[in-house]
Amino acid sequence: SQTIHQWPATLVQPVGSPLSLECTVEGTSNPNLYWYRQAAGRGLQLLFYSVGIGQISSEVPQNLSASRPQDRQFILSSKKLLLSDSGFYLCAWSVLRGSGELFFGEGSRLTVL
Amino acid sequence: GESVGLHLPTLSVQEGDNSIINCAYSNSASDYFIWYKQESGKGPQFIIDIRSNMDKRQGQRVTVLLNKTVKHLSLQIAATQPGDSAVYFCAENMDDYKLSFGAGTTVTVRA
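First to last, the sequence lines map onto chains A and B. Residue numbering for the first sequence is 1 to 113, as defined by our numbering. Residue numbering for the second sequence is 1 to 111, as defined by our numbering.
Derived from the structure by calculation, the hints contain no laboratory data. Check the hints yourself; a few may be wrong.
Stated by the list, open to error - Only pairs whose alpha carbons sit at most 30 Å apart, straight line, appear in this in silico DSBU-like list of lysine-lysine:
hint: 1; chain 1: B; residue 1: LYS71; chain 2: B; residue 2: LYS98
hint: 2; chain 1: B; residue 1: LYS68; chain 2: B; residue 2: LYS56
hint: 3; chain 1: B; residue 1: LYS68; chain 2: B; residue 2: LYS98
hint: 4; chain 1: B; residue 1: LYS56; chain 2: B; residue 2: LYS42
hint: 5; chain 1: B; residue 1: LYS98; chain 2: B; residue 2: LYS42
hint: 6; chain 1: A; residue 1: LYS79; chain 2: B; residue 2: LYS42
hint: 7; chain 1: A; residue 1: LYS80; chain 2: B; residue 2: LYS98
hint: 8; chain 1: A; residue 1: LYS79; chain 2: B; residue 2: LYS68
hint: 9; chain 1: B; residue 1: LYS71; chain 2: B; residue 2: LYS56
hint: 10; chain 1: B; residue 1: LYS42; chain 2: A; residue 2: LYS80
hint: 11; chain 1: B; residue 1: LYS98; chain 2: B; residue 2: LYS56
Unchecked claim - Derived CB-CB ranges, DEER-like:
hint: 12; chain 1: A; residue 1: ALA39; chain 2: B; residue 2: LYS56; range: 46 to 56 Å
hint: 13; chain 1: B; residue 1: LYS42; chain 2: A; residue 2: ASP71; range: 19 to 29 Å
hint: 14; chain 1: A; residue 1: GLY52; chain 2: B; residue 2: MET94; range: 12 to 22 Å
hint: 15; chain 1: A; residue 1: VAL15; chain 2: B; residue 2: LYS42; range: 34 to 44 Å
hint: 16; chain 1: B; residue 1: PRO82; chain 2: A; residue 2: GLY27; range: 40 to 50 Å
hint: 17; chain 1: B; residue 1: GLY16; chain 2: A; residue 2: SER77; range: 40 to 50 Å
hint: 18; chain 1: A; residue 1: LEU82; chain 2: B; residue 2: THR69; range: 39 to 49 Å
hint: 19; chain 1: B; residue 1: THR108; chain 2: A; residue 2: PRO69; range: 34 to 44 Å
hint: 20; chain 1: B; residue 1: THR69; chain 2: A; residue 2: SER77; range: 36 to 46 Å
hint: 21; chain 1: A; residue 1: ILE53; chain 2: B; residue 2: ASP95; range: 18 to 28 Å
hint: 22; chain 1: A; residue 1: PRO61; chain 2: B; residue 2: SER52; range: 43 to 53 Å
hint: 23; chain 1: A; residue 1: GLU106; chain 2: B; residue 2: THR108; range: 33 to 43 Å
hint: 24; chain 1: B; residue 1: GLN45; chain 2: A; residue 2: ILE53; range: 35 to 45 Å
A virtual CB, placed ideally from N, CA and C, is assigned to each residue, including glycine.
Next up, chain B with everything else stripped away, as it sits in the complex:
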């Protein structure tokens, strides 16, 4: 089965508010994690990544937090916009070549 999972399948957020998407992983040996965004009918696009030697990494309006103690990953989106509506996947590296993906969280932004 999947080793990466998300806490909630859907998230509804008011435009302008901050969004937090959570992900739990089970492989304590994983050393690399990625968040992807997938818009309807398209392939996933890279948002941000983080290595296990870091706790936090920031991008443009996005922040990824990694808690290795509880094997938890989160994606924070600041000032959520309508264009942020999509399915968000977390992924962890399983070995040298493979990423394992969670089931995804569907984010809907309310105007």
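The shape of chain A in the complex, shown without the other chains:
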């Protein structure tokens, strides 16, 4: 069966510090991978998605970047965090192109102070 792992679960970082959130998927090959951000009491905003190794699509201009160094690994990064980067970050995967269900990780809560 497929599983998705996301870490760290909780992170408190000072403004201006770097960020690295990691996500790995097991039990499937060539998944589509996604990073979403959820602000408190809000819906999910798509940040990045990837359909293959090294292929990253950015949805919104921001202080973040994503990389996919391996087929089942997706990394969310920042060189210098802003207060507005605080939120709940969710990694997700799907296998179907079009109309495919997304499977989410447990999320990483980032607080920037």
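Starting from the structure of chain A, add chain B where the hints point.
Showing chain B alone in chain A's frame:
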């Protein structure tokens, strides 16, 4: 901005009653819709989906209704239980790879 929205941000329901959560979407070309449930501090979990060639789909205690004429989606939960307390999101496919999510409805079940 978001193309999918929910009518009410909160819903309080008595245990044992039926719940109805509504969602309006704006993209008439969307052909796939999903309802997710998110418990506090966790990632969203799939509840049920429906394609645009259907009007209704039933699962275990849940039913999704799709009205393409008015671009409206609803989730009905039968005999609501305390474990149903969560935030519920509707989502529509925007293209081959992306889902767009609404802001969510927080459902609170009263004992």
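Against the structure, the hints:
1. Annotation: proposed proximity of LYS71 of chain B to LYS98 of chain B holds, straight-line Cα distance about 19 Å (limit 30 Å).
2. As the CA atoms of LYS68 of chain B and LYS56 of chain B are separated by approximately 11 Å, the hinted pair is consistent with the 30 Å bound.
3. Note on LYS68 of chain B and LYS98 of chain B: the hinted pairing holds, with a Cα-Cα distance of about 20 Å set against a maximum of 30 Å.
4. Among the hinted pairs, LYS56 of chain B with LYS42 of chain B is consistent with the structure: their alpha-carbon atoms are about 28 Å apart, no more than 30 Å.
5. With a C-alpha separation of about 21 Å, the suggested pair LYS98 of chain B and LYS42 of chain B falls inside the 30 Å cut-off, and the hint holds.
6. With a C-alpha separation of about 26 Å, the suggested pairing of LYS79 of chain A with LYS42 of chain B holds against the 30 Å cut-off.
7. A C-alpha spacing of about 28 Å is found between LYS80 of chain A and LYS98 of chain B, which places the hinted pair at or below 30 Å, so the restraint holds.
8. Our distance criterion of 30 Å between C-alpha atoms is broken by LYS79 of chain A and LYS68 of chain B, whose separation comes to about 44 Å.
9. At roughly 14 Å between alpha-carbon atoms, LYS71 of chain B and LYS56 of chain B fall within 30 Å of each other, so this suggested pair holds.
10. Restraint check: the Cα-Cα separation between LYS42 of chain B and LYS80 of chain A comes to about 26 Å, which is no more than 30 Å; the hinted pair holds.
11. The straight-line distance between the Cα atoms of LYS98 of chain B and LYS56 of chain B is roughly 23 Å, inside the 30 Å bound, and the hint therefore holds.
12. Checked against the hint of 46 to 56 Å, the C-beta distance between ALA39 of chain A and LYS56 of chain B comes to roughly 33 Å, which is inconsistent with it.
13. At about 26 Å, the CB distance of LYS42 of chain B to ASP71 of chain A agrees with the hint of 19 to 29 Å.
14. Separation of GLY52 of chain A from MET94 of chain B is about 19 Å and conforms to the stated range, judged on CB atoms against 12 to 22 Å.
15. Range check, VAL15 of chain A to LYS42 of chain B: about 27 Å between beta-carbon atoms, so the 34 to 44 Å window is missed.
16. Distance hint check for PRO82 of chain B and GLY27 of chain A: the Cβ-Cβ separation is about 32 Å, which falls outside the suggested range of 40 to 50 Å.
17. One distance hint, 40 to 50 Å for the beta-carbon pair GLY16 of chain B and SER77 of chain A, holds here, with the actual separation near 48 Å.
18. At about 44 Å, the CB distance of LEU82 of chain A to THR69 of chain B agrees with the hint of 39 to 49 Å.
19. For THR108 of chain B paired with PRO69 of chain A, a C-beta distance near 42 Å keeps the hint of 34 to 44 Å intact.
20. The hint said 36 to 46 Å for the Cβ distance between THR69 of chain B and SER77 of chain A, and at roughly 45 Å that hint holds.
21. Checking the proposed 18 to 28 Å range against ILE53 of chain A and ASP95 of chain B shows it holds: the Cβ atoms sit about 21 Å from each other.
22. For the pair PRO61 of chain A and SER52 of chain B, the supplied restraint of 43 to 53 Å is violated, since their beta-carbon distance comes to about 32 Å.
23. Between GLU106 of chain A and THR108 of chain B the CB atoms are about 23 Å apart, so this pair departs from the stated range of 33 to 43 Å.
24. GLN45 of chain B and ILE53 of chain A have their C-beta atoms about 28 Å apart, which leaves the hinted 35 to 45 Å range violated.
Hint check: violations occur at hints 8, 12, 15, 16, 22, 23, 24; the rest are consistent with the structure.
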